[in-house]
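Using the hints provided, position chain B relative to the given structure of chain A.
So you can see what is in the structure, the chains are spelled out below.
2 protein chains.
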Amino acid sequence: MNGYEHDHTTAEQLQAEVELYTPFTAAVRDLVDATIRTLAGPDEIRAAQAEIEAVTARLRAEQLPGSYGVRLRDDGTARSWGNAVVGLRNPVAPPLRIESDSERVWADFHLGAAYEGPPTFVHGGVTSLLLDQLLGHAASAAGRPGMTASLTLSYRRPTPLGDLRAEAWVDRSEGYKTWAKGVLIGPDGVTVEAEGLFILPRWAREQVAPEDIPASFE
Amino acid sequence: MNGYEHDHTTAEQLQAEVELYTPFTAAVRDLVDATIRTLAGPDEIRAAQAEIEAVTARLRAEQLPGSYGVRLRDDGTARSWGNAVVGLRNPVAPPLRIESDSERVWADFHLGAAYEGPPTFVHGGVTSLLLDQLLGHAASAAGRPGMTASLTLSYRRPTPLGDLRAEAWVDRSEGYKTWAKGVLIGPDGVTVEAEGLFILPRWAREQVAPEDIPASFE
Chain A
83 MNGYEHDHTT AEQLQAEVEL YTPFTAAVRD LVDATIRTLA GPDEIRAAQA
133 EIEAVTARLR AEQLPGSYGV RLRDDGTARS WGNAVVGLRN PVAPPLRIES
183 DSERVWADFH LGAAYEGPPT FVHGGVTSLL LDQLLGHAAS AAGRPGMTAS
233 LTLSYRRPTP LGDLRAEAWV DRSEGYKTWA KGVLIGPDGV TVEAEGLFIL
283 PRWAREQVAP EDIPASFE
Chain B
83 MNGYEHDHTT AEQLQAEVEL YTPFTAAVRD LVDATIRTLA GPDEIRAAQA
133 EIEAVTARLR AEQLPGSYGV RLRDDGTARS WGNAVVGLRN PVAPPLRIES
183 DSERVWADFH LGAAYEGPPT FVHGGVTSLL LDQLLGHAAS AAGRPGMTAS
233 LTLSYRRPTP LGDLRAEAWV DRSEGYKTWA KGVLIGPDGV TVEAEGLFIL
283 PRWAREQVAP EDIPASFE
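Residue numbers (the working numbering), protein chains in the order written: chain A, 83 to 300; chain B, 83 to 300.
Each hint should be verified, as a subset may be incorrect.
[To be verified] SDA-like, lysine to any residue: derived pairs with alpha carbons at most 20 Å apart:
| # | chain 1 | residue 1 | chain 2 | residue 2 |
| --- | --- | --- | --- | --- |
| 1 | B | Lys263 | A | Lys263 |
| 2 | B | Lys259 | A | Ser236 |
| 3 | A | Lys259 | B | Ser236 |
| 4 | A | Lys263 | B | Ala231 |
| 5 | B | Lys263 | A | Lys259 |
| 6 | A | Lys263 | B | Glu277 |
| 7 | A | Lys263 | B | Leu178 |
| 8 | B | Lys259 | A | Lys259 |
| 9 | B | Lys259 | A | Arg239 |
| 10 | A | Lys259 | B | Thr234 |
Calculated directly from the structure, the hints in this document are not laboratory data.
Excised from the complex, chain A in its bound form:
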């Protein structure tokens, strides 16, 4: 397993792509929300379906053969635009924009109808999806990238849909292993606690040049 591609776009090309794909993907996210919530009648639904299928066919006229992957940039950063949590081009991703300082990483974000489990609450599995990404990011930010080996979630109370915050930090490390912890925070405080073990994969230790080890695995 490797599959990380090199990406030689200039900073200007990258910026142009950000400006093109950010509002485009946001429009598809908005359509996802409307798809769940619409009360339009059957004729309107069928007309919308036909238009969406036509747009999709045009977009697919030229496309990647598979998934987006992760592209390693010359400046050492990675472009995970297809990622299910942070992907700028992935409408399934909220997307989280993860910030960091020397001690922890965090993200403030909004979850709407597309992330529902129990009525008006975030799906418990969505909270684990987001915390997995955030804990992995905390390990990477501390210079200890790894893939998730184990993850434990403790649910303290239901997480309401709406504005939320997640935080994560490295708890301890040992050799190729790093333990990270994190929390999801709603308007009434912590809703979910997470602890994860992240391990630098064998292929990254033995088979890949140091400069090809991505700063993050997701």
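For chain B alone, coordinates are given in the frame of chain A:
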């Protein structure tokens, strides 16, 4: 917390809705995949964005004020069409169609580009999202519905994007608590193991009539 609504649609109305919304939501899922993978040029992307925004505006002319929720049907089943894992009307959901016998529950499904973490592999958090739903379903199917109290994932190997299977079963139970286990299975065998504790919420024990306790919480 409750929020479960009663749903008095007839079987015929329900079937008509299934036939309307299944292909419509599938079209939006297909657009999500094309959004990630398209290599169309900037003009085409901008044109697609404008068309998508117009469709969304028409769909939103009449819509639910919030999320879809969960609707309890007169026959005792629940309609979780907004659910992030199984929701028939949620383009974020793959969606999983969970089958069951007296011993376990399972789902066969396909995950494409929208669920990526490391290049060509399923996001580790997506596997936890799906297993949370499946373990909760196993508890419900055994007549022991509950909300997730804790969930532990052990990652055995990376899960490739593509055709996958998940299985779950009840391990043991005690009072309002039920422990369920499950696995995610790829072409080379088990990739992720999960164990979860599900607890019947207090409001369901004390405040709600027995017929209002949903068969599942998500």
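request  = Given the hint that Lys263(A) pairs with Glu277(B), test it: the Cα-Cα distance must not exceed 20 Å.
outcome  = Roughly 19 Å separates the two Cα atoms, so the pair holds.
inquiry  = Please verify whether Lys259(B) and Ser236(A) have alpha carbons no more than 20 Å apart.
reply    = holds, 15 Å
query = Are the Cα positions of Lys259(B) and Lys259(A) separated by 20 Å at most?
reply = violated, 33 Å
query = When you check the alpha-carbon spacing of Lys263(A) and Leu178(B), does it fall within 20 Å?
reply = violated, 29 Å
query = Does Lys263(B) pair with Lys263(A) here, judged by a C-alpha cut-off of 20 Å?
reply = violated, 23 Å
query = Taking only the CA atoms, is the gap from Lys259(B) to Arg239(A) under or equal to 20 Å?
reply = holds, 16 Å
inquiry  = Would the hint linking Lys263(A) and Ala231(B) be met if the CA-CA limit is 20 Å?
reply    = holds, 17 Å
query = Under the criterion that the straight-line Cα-Cα distance not exceed 20 Å, is the pair Lys259(A), Thr234(B) satisfied?
reply = Holds. Lys259(A) to Thr234(B) sits at ~18 Å (cutoff 20 Å).
query = Are the Cα positions of Lys259(A) and Ser236(B) separated by 20 Å at most?
reply = holds, 15 Å
Agreement of Lys263(B) and Lys259(A) with the hint, judged by alpha carbon distance not exceeding 20 Å = violated, 26 Å
The structure fails hints 1, 5, 7, 8 (numbered hints given earlier, in ascending order).
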